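Student: Spelled out, the chains give:
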Amino acid sequence: METALVSGAQGLFLGVLNLGPGHVIMILVGSVLLYLGIAKGYEPLLLVPIGFGAILVNIPLSEMMAEDGFLRYFYDVGVRTEVFPLLIFLGIGAMTDFKPLLENPKIILLGAAGQFGIFLTLLLALALGFDKLDAVAVSIIGACDGPTAIYVSSKFAPHMLGAVSVAAYSYMSLVPLIQPPIMRALTTEKERQIIMGAAKSQPISKTTKIVFPIAVTIFASILAPKGAPLIGTLMLGNLMRECGVVDRLKSASENEITNIVTLLLGLCIGATMEAAKFLRGETLLVLALGFVAISLDTAVGLLFGKLMCVMTGGKINPLIGAAGISAFPMSARVVQTEGQKYNKKSYLLMHAMSANAGGQIGSVIAAAVMLSVLQGMGIVGQ
Amino acid sequence: MDTWTFGLTLAVIGMAGTMLVLWILSLLIVLMKKVFPYQSEESAAKKG
Numbered sequence: 002m003e004t005a006l007v008s009g010a011q012g013l014f015l016g017v018l019n020l021g022p023g024h025v026i027m028i029l030v031g032s033v034l035l036y037l038g039i040a041k042g043y044e045p046l047l048l049v050p051i052g053f054g055a056i057l058v059n060i061p062l063s064e065m066m067a068e069d070g071f072l073r074y075f076y077d078v079g080v081r082t083e084v085f086p087l088l089i090f091l092g093i094g095a096m097t098d099f100k101p102l103l104e105n106p107k108i109i110l111l112g113a114a115g116q117f118g119i120f121l122t123l124l125l126a127l128a129l130g131f132d133k134l135d136a137v138a139v140s141i142i143g144a145c146d147g148p149t150a151i152y153v154s155s156k157f158a159p160h161m162l163g164a165v166s167v168a169a170y171s172y173m174s175l176v177p178l179i180q181p182p183i184m185r186a187l188t189t190e191k192e193r194q195i196i197m198g199a200a201k202s203q204p205i206s207k208t209t210k211i212v213f214p215i216a217v218t219i220f221a222s223i224l225a226p227k228g229a230p231l232i233g234t235l236m237l238g239n240l241m242r243e244c245g246v247v248d249r250l251k252s253a254s255e256n257e258i259t260n261i262v263t264l265l266l267g268l269c270i271g272a273t274m275e276a277a278k279f280l281r282g283e284t285l286l287v288l289a290l291g292f293v294a295i296s297l298d299t300a301v302g303l304l305f306g307k308l309m310c311v312m313t314g315g316k317i318n319p320l321i322g323a324a325g326i327s328a329f330p331m332s333a334r335v336v337q338t339e340g341q342k343y344n345k346k347s348y349l350l351m352h353a354m355s356a357n358a359g360g361q362i363g364s365v366i367a368a369a370v371m372l373s374v375l376q377g378m379g380i381v382g383q
Numbered sequence: 004m005d006t007w008t009f010g011l012t013l014a015v016i017g018m019a020g021t022m023l024v025l026w027i028l029s030l031l032i033v034l035m036k037k038v039f040p041y042q043s044e045e046s047a048a049k050k051g
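Chains A and B are the protein sequences, given in the same order. So the first sequence is numbered by the working numbering: it starts at 2 and just counts up by one. So the second sequence is numbered by the working numbering: it starts at 4 and just counts up by one.
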């Protein structure tokens, strides 16, 4: 009886006895993510479940990610299969209005320039000694697009999923702090003062809005077939929005499906942040490279904006090039705010929204192109 | 394939490919706007 009492009491303290410094650090990291989400409002929909998932998985002996663990089940079903990020894309497509882009299609090129940071960061990651596929996963943070980063990293480097996702969402929420200094460094005051004419409010026919997602899916998927799931789900969501005959599906995509998947995806990402996997020098490098990637995206977008400014005889304000990233609509708002600082009569918002919508498509296309090139090179399976 | 051949190939084709696909999409949008021009509700009703 005495032995049974002692053994039973010991069971109560097993967690405490197994608590290591790694667990404590990661519980603190999870708590910081919760603080940033709740108190600072940085991407709370993602950082709250990620932070909580990080705490849960680092409770000693909780076995959340063991073979039959509670979070492991959702991870296997939704992240390992890449289904969760694709369902998020369905919701993003249903929520996104591509009208500004349809009104001003040449601006879509800024959305391509805004992805160059991905490829430049890839070279940097390789130079720092990352394995080929790990470098691909790190560089995709430059897509400035959480679901794309999760999709690619879960495919090629699942062990880095936590670090890549946290970097992607953290830097996206920090766009208002990251972009303005780069804008000021790469443009002259005269350029920042350029007034772009009122955005053409040329009406777009309903047929064009309906055909657009179908045409993009067919053409872009044929050119980059490996990205068809990304492009297809984004455009299916948008088709449901524009066609006007499946309001219930559209509503479910942008509300119920997105909300449920966001919660489970966040928890799963947090669950990948086990102390043994996360507390490595590599994680700090991933965070640093993520910052570089988003900065390079902004810089190349601005430089391309300057090129367009020269080619159009000064009709384009280069600042809108910074909105060629996928952080929608935050980046467009940053451009508007910066433009107004230098010229009160300058209204860049609608032009920047066009570039930002281009950036949303651009990030998906860049990932699709990357996957297809990797397939072509034989790095990933046919 | 060595690391730098891999990196440079992916970077160059990736950037060029992204730009090319988006340029084609911009042409596609222009084409769609020509094929399906906006018609006001009044003129659409007259035709209908």
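Treat the hints as calculated values from the structure; they're not laboratory data. Because the structure is a prediction, the values reported are computed rather than measured. Check each hint, because a few of them may be wrong.
So the derived list for chain A, only partly shown, Cβ under 7 Å to chain B, looks like this [as the list claims (entries may be wrong)]:
1) V17
2) F117
3) L124
Yeah, the Cβ is synthetic: ideal placement off N, Cα and C, and Gly gets one too.
Student: Holds or violated: is there a CB of chain B closer than 7 Å to the CB of A/L124?
Tutor: holds, 5 Å
Student: Go through the hint on A/F117 and say holds or violated, using the shortest Cβ distance to chain B against 7 Å.
Tutor: Where the cut-off is 7 Å and the nearest Cβ of chain B is about 5 Å from A/F117, the hint holds.
Student: Let me know if the C-beta of A/V17 comes in closer than 7 Å to any C-beta of chain B, holds or violated.
Tutor: violated, 46 Å
Hint check: a violation occurs at hint 1 only; the rest are consistent with the structure.
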